[in-house]
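Enquirer: Given next are the chains, with one letter for each unit.
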Amino acid sequence: MTQRQLSLKPSAPDGENKNCLWVTMASDRVAEVHLPAGGSHQGVEKSCEIHSYMQDLLILERYGGLGPQAHAMAFCQAMEELAGIVVPQRAEYIRLIVSELERLQCHLLWLAGTAREVGYDALNMYLMNDRELVLDCLAEIGGNRVKYSVNLPGGVRRDLDEHIRTRISEMLDEVGRRIKKRGSLFRKELMLVNRLRGAGVLSRDDAAAYGAVGPLARGSGLSRDVRADEPYGAYRRMEVAPVCDDHGDAYGRTVVHIGEMEASAALIRRALAELPEGELRAEVPERLPKGEALVRVEAPRGELVYYLRSDGGASPERLRVFTPREANLYTLQKIISGNYLANIPLLMTDYDFCFGAASRAVVIKGGEEQRTVGWEQLRDFSRDYYLRHEAGAGRAGAEKEE
Amino acid sequence: MDQEKAVVQIILERFPVLEGHVRIQREKRVVMDYLVRRDFEKVFPYLTASAGFDRLLTLFGTDDGDWLGLTYALVNQDEVVLLVRQRVPKARPFIRSVCGRFPQALWQEQELRTLLGLKIEDLPEGGYPLPDGWPEESYPLRKDWEVRRFNKSTLTYNQPRTSFGGQKEDGR
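These protein sequences, in sequence, are chains C and Z. Counting in this note's numbering, the first sequence tops out at residue 402, every number present. Counting in this note's numbering, the second sequence tops out at residue 1172, every number present.
Calculated directly from the structure, the hints in this document are not laboratory data. Fair warning: this is a prediction, and the values are worked out from it, not measured in the lab. Some hints could be false.
Only some residues are given here: those of chain Z computed to face chain C with a beta carbon under 8 Å [unchecked claim]:
1. 1057
2. 1058
3. 1077
Ideal Cβ placement from N, Cα and C applies to all residues, glycine included.
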């Protein structure tokens, strides 16, 4: 059988798109996948070693496009552990509320991406519109829609006054109602369910063996959630139950995302109701004592690990950041192998893979003939493929009934 | 702290020589001192195959003067994180890959090779994450690698001049 090699190669200069993908095709199935990661490595760890801790906080908030709260909180927690500081309870609750709002907006974006990739553009637009409501709330809390910069070492820099708390509650009522509606569509609409079922199957054992984290692991029934496994901050007083599903495919992961959004809304409501009075921040010395700390937090995409080592100086001696996306790279490679080419856009979204600007695909036949295919074309191919597939299945079903 | 004490006990029962080199850092954290490669290659397989530490959370390297250190964060069923370490001399930075046991460590080990200059046996070739044309023997995560000496447009690194007395130009 003739094999073709396909390169899906993004080159956007931000941290979101630092991976590209080489797939070798056998007919319309992927025979082999290679992920030569590192297209736009940012050198963040080195950069943090030459800047002060406060400057590092700003750098790390910009590590990824969608998880500034998770990164900032993990870094602050590592600093607080090294300095032996107890964070005020009010600050811990505010961190939880912002973290869960962040999860809400990330999951809405994920769901919108999934809707787009399977050809439901209208649903994509509705979900993006829902997400705007959450972003408006985050902007009101932190003054910015994307980089809300709520954290400071020792606590938070923003309080939640009565007005903002009411705004969040009203937003949750509205978004909660919409999530219920969209969730029922994803769970019951047959065309959506059929498209998602069986796509990108990952068994529970494989998820465990490959070190999968986040909704990707929980969609395969692997109960792995730092908020439950090693609760931190206000989560210690919340008892988070991981949302899992046993389908182990794109459908299972969709169900997990929807369930987690409902759980996040419930957590925020509870935190708002229990928000204690008190200080927002404890004092942190400018220079941390000598030592090391390894911190785990549950970012929207999964487990985020920070390791910080201090030699008593003004900058970290060593900082290691390990993101859920890096943790799931190997799993992605395994999920794509053996799948249809037409499923790749869906699986990329499933993995939360951002191609971003300048994405392109180069088809190489026999290493000589070359043809360039854009990402949009690949997406169109995917949609057409499944429309034909479904039309064929429909015809076959009708013939059978006759 | 029962889970953490149990971890220390399991390790010391099998390797009594590590007495005083394994300690509980805090709840859910157990830390081990640096091991030399020979000892590490006995301890690591035991921990991952027989002591229940079957998940690799992350791994990373450090530049510790004349040594390069490696830390492996392992997790067990009780979610206790154990930091296992080995270190090798910078002059002979040879270690063995753990990809055979944890295939997902591939990118992290490639990063150790390109950013820190470790020579990793049994690791597939790959230049992650540095671009093609990166100067040889130039390892950005080493402490003596300075950003200001690197020219991004020509991808060249200007080594500090060394005088006859072995001192670098900035007096260090």
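Enquirer: The structure should be examined with respect to each hint, and the outcome stated for every one.
Expert: Structure-based check of all given hints:
Annotation: residue 1057/Z was flagged as interfacial toward chain C, and the flag holds, the nearest CB pair being 6 Å apart, inside 8 Å. A hinted interface residue such as residue 1058/Z counts as satisfied when its beta carbon comes closer than 8 Å to some beta carbon of chain C; here the least separation is about 4 Å, so the hint holds. Hint status for residue 1077/Z: violated, given a least beta-carbon distance of 10 Å to chain C, over 8 Å.
Hint compliance for this structure: hint 3 is the single one not met.
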